[in-house]
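For reference, the chains in residue letters:
There are 2 protein chains.
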Amino acid sequence: MITRMSQLFLRTLREDPADAEVPSHKLLVRAGYIRRAAPGVYSWLPLGLRTLRKIENVVREEMEAIGAQELLFPALLPREPYETTGRWTEYGDGLFRLKDRKNADMLLGPTHEEMFALTVKDLYSSYKDFPVRLYQVQTKYRDEERPRAGILRGREFVMKDSYSFDMTDEGLDEAYAAHRAAYQRIFDRLGIDYAICQATSGAMGGSASEEFLAISENGEDSFVRAVDGSYAANVEAVVTQAPEPKSVEGLPEPQVHDTPDCETIAALTSLFDVPADQTLKCMAVMVREPGEEWQLHGVLLPGDRELDPKRLEASLEPAEFRLAEEKDFAEHPFLVKGYIGPKGLQANGVPLLADPRVVAGTTWITGADEANKHITGLVAERDFHVDRFVEAAEVRAGDTGPGGVELTLARGIELGHIFQLGRKYTEAFDVQILDENGKRAIPTMGSYGIGISRVMAVLAEQLHDEKGLNWPAEVAPYQVHVAVANKDAAALEAGEQLVADLDAAGVEVLFDDRPKVSPGVKFKDAELLGMPYAVILGRAFADGKVELRIRGGETKEVPFDEVVSLITQ
Amino acid sequence: MITRMSQLFLRTLREDPADAEVPSHKLLVRAGYIRRAAPGVYSWLPLGLRTLRKIENVVREEMEAIGAQELLFPALLPREPYETTGRWTEYGDGLFRLKDRKNADMLLGPTHEEMFALTVKDLYSSYKDFPVRLYQVQTKYRDEERPRAGILRGREFVMKDSYSFDMTDEGLDEAYAAHRAAYQRIFDRLGIDYAICQATSGAMGGSASEEFLAISENGEDSFVRAVDGSYAANVEAVVTQAPEPKSVEGLPEPQVHDTPDCETIAALTSLFDVPADQTLKCMAVMVREPGEEWQLHGVLLPGDRELDPKRLEASLEPAEFRLAEEKDFAEHPFLVKGYIGPKGLQANGVPLLADPRVVAGTTWITGADEANKHITGLVAERDFHVDRFVEAAEVRAGDTGPGGVELTLARGIELGHIFQLGRKYTEAFDVQILDENGKRAIPTMGSYGIGISRVMAVLAEQLHDEKGLNWPAEVAPYQVHVAVANKDAAALEAGEQLVADLDAAGVEVLFDDRPKVSPGVKFKDAELLGMPYAVILGRAFADGKVELRIRGGETKEVPFDEVVSLITQ
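If you're matching them up, the sequences are chains P and F in order.
As numbered in numbering that gives the first Met the number 0, residues 0 to 568 make up the first sequence, in order.
As numbered in numbering that gives the first Met the number 0, residues 0 to 568 make up the second sequence, in order.
Treat the hints as calculated values from the structure; they're not laboratory data.
Here the structure is a predicted model, which is why all the values come from computation and not from measurement.
There is no bait here: all hints are sound.
Repeated chains share a single entry, so a pair holds when one copy, or any two copies, can fit it.
Below, a list of computed lysine-lysine pairs in the DSS-like style, where the Cα atoms sit at most 27 Å apart:
1. Lys523 / Lys53
2. Lys515 / Lys438
3. Lys521 / Lys127
Could you put the whole structure together from the sequences, leaning on the hints where they help?
Here it is, written out as structure tokens:
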């Protein structure tokens, strides 16, 4: 296949687009792969569309390899199924909602658990039909608050979403493992540097869940990795490694001290000359379980740790929380700002939520529940009782992960997410299947997504250099870029012959045959567009030689006659 | 490629869906190709998606063959460009409109002239870049008042739309001719019985325009064909073959007659004992040019013809019309109901719009503008003057078309539409291109569409029989359906060998390997699903023979050993 740049609908830009901040966005626009149509909404120009389709096909091959069957759901969906699962409301402003001419509520699908569950219910009724794995490559819509970075976070985007349906939990485990392995093969084939992160399942519901994150300093997601690569997790999913509980026997009794104007951890550590991790930060927090009233809770953290609201949110889900405000303090006069302690909270019936490090037998300096007073030697599970351990403290580089490994912080871009949903959706739609004993059973479900258009941005982000893009051969729009940079008619003729020979050998070729464009511009365009190989018919062509440039690698002068065999090998 | 029916996500139905009226809808649902998600919105199940993709690829091949380049625009679009061309409003309730979280107006694209014109403006600036032909295969949205017949008229549907941009009118003619020929190749390859109809260009604007209509009694569009196939046209586009004007010299003077209670054409022809086509129907009609007031007009038709409102509408466009109502009669007291005549209208300054048959020298019996009086011998262009000829009369089978050919009426389904748009859109967006002389010029544009998902419905509609679907080989989900209908283990084993051999020979095979399904059900499913060939390993397998069934054709018993070579030949 040969595409001639003299014909190609393309204009490369020398300047970065004004709204672009990250390299992938700048380069994909400058190289004429994508073009903005509206905020967070992009058009795919010919080169971009070819790359997108090739990524789709890599994903398709690996999905077919695990026995998943492709179908295609509409993007325009009725409200009712999403009402049934509560997501019509839960999605908030993130959902594009609209009304049709008959005033019926509709939405643009952000994800399709509802539709797949309903279709399986429609078509299947016996355990013999299971397991089944289904997928689609489809255009999705989310009204992102901050669409950014071109196709990295768009409002209209292409996604591969698959869904597994199994009669047993073991079946779900298998489907999950099969998808996990397929995703590894996909991202390995694409040459992406990624980590598989333990994740919380959030609004999707369900149990096990992992995220595939591309390592990128421009990523929006922070995550945590073991320095030895043995472990990675979303910050929300990091489990604090708590010390073993100790006996409280023989520990000294607590003592109350006058500590005037000592309302911060810093003041406290300075006053008692101890490290901050021996003090206990005691925060008043309001928590609301779904459908209930706000209720006062205490959150206990080692004094050297800040509260990470996202971690506490994930830990408390589905309950929500907020820090106590003036009115809450006013309603609970036993709360003495700057001097709150676990004893006073517990004495007033306030549930205590604590960092896992606050185990039995640990000793703390904390507030004495009186103005200008602190208490030392307060022992967990002797002087106060933790009602529930929560992951609320910030995670820091140098923290210890599972097995004692040292953790570092990293940033990443979400490529994919796999979920064990369980029966949340199949129960919502009452998907009843007759089991081997003729009894009704509800199948269990998994949901697995890859952001196809985002993968393209990630490839641009991870593999570019200062000169331009650099595609892996498998998804490059063309494998070889041939440029004639010699005004000699024989060179152009030889170029024609070369691209014909490459085409005959099954190589996809982008041919820069533009007659009035300078060699310098042709070289710059070749680097910007980023095909894996470029062949330049330049000055040395007079000596029967051409340049073979490996994008991001070496440049060799090779005999013209050998270039086809060098490339096809 | 082998797909096993024991695994395939499919359930065939014996009953027609309750909401289905036409065969394509019934069969595509019963055979598990599509499934309804909302009114006019369908999901593509595995078999349906395979067929859809194959149709897309036939279209792609022919578009690439005429040098069109594929790109892909979003479906979610900003309001502004459609505001610029007026289509934000013109589309009325047919447009899906929505607001994003920032309250910006957006729409779901019904067609993309605006976006393509804007993108060409963005990328190109010199005549050297032209001509350019661009296309996309994309999901479109129209909020149809009456979505019907499954994917025949859906609200979310797949369309191929292409756009040509040329610097000269001759270039546009070439682009139009290239698309016309490509469309013929596409529909010929698909084996569709179709007609190319002259069309009016309607809301799209522009000049030349033709529709590709699939001949179908379930079609929504009526059209007119020459009995010899030399001509076809939309009813709106049929041009009346008018007689030559005649001299008015020596014709008798008109005479007024008392005609009490003679307010219909039937009464008039009976009274004067003449054929209806010698009488002149004279109708009071209100016409409004864009931005102006309603104005009274007379419409003159031969008495044997009814008014066809769609034809008059197309003829008057962009003006609109309505029949005069009581208030209009009240405002124009010279209008005498049942006795209106052209003389009285003209005397009162009312413009006369006439059927082309009302040429100079024709003689008519018509109203005398007085109650209970008619006039005979009224001669066109002697006693009254036609201000403008319009196509307002119904078209009938037996009418005469261009070159005197006899016309018949037919029904069809619109498969595609090609338009010479001219500069309507490029002017709206001020697409200025430097021409050979360095002067600014506006390129001229063509727009060409094929309803891909509708083509699938048309194939089902034209090619089915009472037993089921019958796909052309090029777009069938699989070329061969192999069914084991013999409980002998050797038969199943032979079936496995056969599908492996067919697969090795590059044939796509659907393999009915379901162990507990009866031969009868397997035969019925094979017919319903409609692959071009079915191979049945049945009773005769004991004698080394299998049945080779050509869908919709003959069934032969052939030696098992020969079946692969028979199919691949």
